[in-house]
Amino acid sequence: MRRHILTYLLFAVVTFVTWSQDTTAVSTGRHITPVRPSTNVVKQPGRDVSPELIEQYISGDTLAAERKAREDSIRRSYPRYPMMTSLWLGVNFIDPILMAMGQDYASVDVHATLNMWNRVQPTVEVGMGWGKTTPEGMNFTYRAKPSPYVKLGANYNFLFKSTPDHQAFVGLRAGFSTFKYDVDAHYSNSYWQEQTDFTLRGEGSHAWWGEVVAGLKVKIARQWSLGWTARWHHLFSCKDSEHSQAWYIPGYGPRGRALAFTVSAYYTLPLSLDRWPRKDSNYSAIR
Amino acid sequence: MPLAWFYGSGTTKQVTVGNVTVYAIGAPGDTVLVNNQSVNELSLPLRVSTDRTQWCLTFMTTDSLFVTDTLTLAYRPIEYFASVECGAMYVFDLQQVTSTHNVIDSVLVTQPHVTNVEQVNLRIYVPTAQQ
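Protein chains in written order, with the numbering used here: chain U, 1 to 287; chain R, 288 to 418.
Calculated directly from the structure, the hints in this document are not laboratory data. Be a bit skeptical, because a hint or two may be false.
[As the list claims (entries may be wrong)] Restraint-style ranges between C-beta atoms, simulated for each label pair:
no., chain 1, residue 1, chain 2, residue 2, range
1, R, G316, U, E136, 30 to 36 Å
2, R, Y310, U, E136, 32 to 38 Å
3, R, R363, U, E136, 29 to 35 Å
4, R, G316, U, L259, 49 to 55 Å
5, R, S370, U, K145, 17 to 23 Å
6, R, I312, U, Q195, 16 to 22 Å
Virtual Cβ for every residue (Gly too), placed ideally from N, Cα, C.
Chain U on its own, in the form it takes in the complex:
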C-alpha cells in the first residue's frame, strides 16, 4: 500500500515538472506577429514608367533601376528636339541703312545656322564690306573697295527648353577678310613751303579676328524671324604695308573699334519635323 502511494507521488512530481518547463518556453521565445491587412498595399508603377524599369525592380537590381529612373525623370523634364532641328537662313541688313544715315562704312552678309537639338548652333556668315571717308580738317580721302569676308562659329541657345521660335544665345566667331583700298592725300610743309598731292592706289591687306556674340531671335510670322546680335571683337592680325595701315576691315569695322551691332532677318526651315516633341506630351517640369 505504501509502495503504491510513493509511486503515485513520484509520477505526479515528474508530470508537474515537465508541464511547468513547457509553459516557460512559450512565454519567453516564441512570438507570432499578427497579420494586418491594411499594410499590405501593392504600389502601382508611376506614370510613363517603362516596362524595362519595372523588370529591373522586379529582378532586384535596385541601383540600376534607380539610375534609370533618374535618367527617365530628367528626360521627361523638358522637350528634347532632334539633332537636326531646323536651318535658318539670314541676312544682316542694318549697315546699309546706317550708311544712308551718315555712317562711313557698311557691310552686308548672309548667314546659315544649323539648329542642333535646339541647343548648339554652328553658323557661317559670308558678306561684303565697303567704305569711304574724308574726315573734316584732314588731308585725305580713304576709299575701301567692296571686299569679302567670312566668319565661322557657333551659338549656344539658353532657351533650349522652349520652342525654337525664340532664341537667346551667346556664341563665338572667327573672321577673315582680304581687302583693298585707295588713299588720295594732299601734303604740305610750312618750313619748306612744299605742297604736293599723292595717291596710294590698290593697297592690299588681310586680317583675321575673333568675336564673342550675344543676341536674340524672335519669330515674327510663320517662318520669318528678326534678331539682333551684339559683337565684341578682337583683331588678331592685320597686315600693314610700307605705305599704309588699313582703316576699315570688312566684317570687322573700323580698326580699333571693339564693339559692333547687327540686325538680321531670318527664314527658318524646320528639319525632322516628325521627331519634334508633340505639344500634348506630358512633361512634368516644363515652365
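Starting from the known structure of chain U, fit chain R onto it as the hints suggest.
For chain R alone, coordinates are given in the frame of chain U:
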C-alpha cells in the same frame, strides 16, 4: 621729321647747348629753325621733293667765337597713310648722315626709320665745357 638729341662727347647724358642757331641750306626765305637759343634737341623737317637735306648748326664757343658745322642727311621719302586720326604724310628712311667736325664730335643714327611717332633718330655728340 627726325628728332636729334645733343649728348656730351663720350657720355650717354643728354646736354643742353647754349647759343645755337640752326637753319636749312636752301630753305625758302632763309628760314631759321633755332635762333641763338639754348636747346637740348632739334626737330629737323626734311624736304620731300629731294633725297638730301643739309642743316647748318652755328655754335658759340667758350671764347665767344661762332663756329658752324654742316649736318647732311641722305634719305628716301615714303608716302604714307597712318590712320584716320593722324592722316597722310611722308615718312623717311635715313640712309646716310654725315657732318663736319668743327664743333660736332660725331653723329650716331639710333633709329633710321623716321615716322610721326616721337622717337630719337640722331645723337649729336659735342664736347662740353668740362671736357
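Q. Hint by hint, which ones does the structure fall short of?
A. Of the numbered hints given earlier, the structure breaks none, since each of them holds.
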